[in-house]
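**Student:** Chains as they are written, first to last, in numbering that gives the first Met the number 0: chain R, 0 to 153; chain L, 0 to 153.
The set of hints was computed from the structure by calculation and includes no laboratory data.
Check each hint, because a few of them may be wrong.
Reference listing, derived: stretches of chain L covered by chain R, where coverage requires no fewer than 3 residues with Cβ under 8 Å from a Cβ of chain R [said to hold, decoys possible]:
#1 12 to 22
#2 64 to 71
#3 74 to 88
#4 91 to 101
#5 118 to 132
Here are the simulated distance ranges between beta carbons [claimed, not checked]:
#6 Q14(R) / Q30(L): 40 to 46 Å
#7 T145(R) / G42(L): 42 to 48 Å
#8 R17(R) / P127(L): 34 to 40 Å
#9 D111(R) / T145(L): 48 to 54 Å
#10 T145(R) / R153(L): 55 to 61 Å
#11 Q14(R) / I5(L): 28 to 34 Å
Far from chain L by the CB rule (all over 10 Å, computed), these chain R residues [stated by the list, open to error]:
#12 D28
#13 K29
#14 G42
#15 E53
#16 D57
#17 T59
#18 K77
#19 V92
#20 M93
#21 D112
#22 F148
C-beta: ideal position from N, C-alpha, C; glycine also.
There are 2 protein chains.
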Amino acid sequence: MNSPEIKITLAEDEQFMRQAINEARLALDKQEIPIGAVVVCGGRVIGRGHNLSETLGDATAHAEMQALTAAASSLGGKYLPECTLYVTVEPCVMCAGASAWCQIGRIVWGADDPKRGSTRFTPSLFHPRTQIVRGVLATECEAMMTEFFKKLRR
Amino acid sequence: MNSPEIKITLAEDEQFMRQAINEARLALDKQEIPIGAVVVCGGRVIGRGHNLSETLGDATAHAEMQALTAAASSLGGKYLPECTLYVTVEPCVMCAGASAWCQIGRIVWGADDPKRGSTRFTPSLFHPRTQIVRGVLATECEAMMTEFFKKLRR
């Protein structure tokens, strides 16, 4: 079975990435590392999340985990081949693995994460049918992270 | 910083693996893939979990995720360097990533999972300070899985 083709323009990708950035700002308001995510299906946001690791005292409470779980709950099924996950930063190993279990159709992220990101592993951690788009509003996504860590070190 | 050394005998490892197997049986009772996990700290189980992917309609509801989150909640902190995760089957990519974020001290698993397991990736998905022990009660752990999939195919 091939994945359904998800047709979307760059303007639409940017529009949904802005919603992920809004989620990242909610994390920032709670002194959390500013990462946000939304899951979109048929042009509609069906799951949202932002990093809550400190708030919940749970190192696994990443934006993507919450957005994926919310999306599956919204659709009433555990697979998301017709959905796109938008996330402000390249997913980590855990979140890449989660996206693979969900068979997510597409992942769009903003800033790359050379240190913690999931693209440096062989073989790929992503589902073979997941389309990957990187660098959407990357400057804005990365600036939030840089600013956060600069303040933390002061 | 080095990880604290966790001193434990094979008999103790088997004792805790039996508790993980008990968790796997709870999954089996719910027609779930029979995988169970416990997290142990100072000789005490502080987190438990079994696979609930079908029950919750959530592909991320793995035994290890629940056991790690419960353990962090029990200790009131997100890092688990003095804890051991016992799991009946080799952790997947997602769960290996979660264990790395938690900085788990040790992981002990039963059956290897050559297809979905996390040891086939380069570089390693585990935290560099996590000690790995594999093959504890492997025959029993694997038999549960084999039996489950045999019945499924009938």
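**Student:** Does each hint fit the structure? Answer for all of them.
**Tutor:** Cross-check of the supplied hints:
1. 12 to 22: violated (count 0)
2. 64 to 71: Answer holds; 4 residues pass the 8 Å Cβ test.
3. 74 to 88: Contact hint for the segment 74 to 88 of chain L vs chain R: holds, 4 residues under 8 Å.
4. 91 to 101: holds (count 10)
5. 118 to 132: holds (count 5)
6. Q14(R) / Q30(L): 40 to 46 Å: The hint (40 to 46 Å, Cβ to Cβ) holds, given that Q14(R) and Q30(L) are roughly 41 Å apart.
7. T145(R) / G42(L): 42 to 48 Å: holds, 44 Å
8. R17(R) / P127(L): 34 to 40 Å: holds, 37 Å
9. D111(R) / T145(L): 48 to 54 Å: violated, 41 Å
10. T145(R) / R153(L): 55 to 61 Å: holds, 56 Å
11. Q14(R) / I5(L): 28 to 34 Å: With a Cβ separation near 49 Å, Q14(R) and I5(L) fall outside 28 to 34 Å, so the hint is violated.
12. D28: holds, 20 Å
13. K29: holds, 15 Å
14. G42: holds, 23 Å
15. E53: violated, 8 Å
16. D57: Nearest chain L Cβ is 5 Å from D57(R), so the label is violated.
17. T59: Since the minimum Cβ distance to chain L is about 5 Å, T59(R) lies within 10 Å and the statement is violated.
18. K77: Label violated. Min Cβ-Cβ 4 Å, cutoff 10 Å.
19. V92: violated, 3 Å
20. M93: violated, 3 Å
21. D112: holds, 13 Å
22. F148: holds, 17 Å
Consistency with the previously given hints fails for numbers 1, 9, 11, 15, 16, 17, 18, 19, 20, ordered from lowest to highest.
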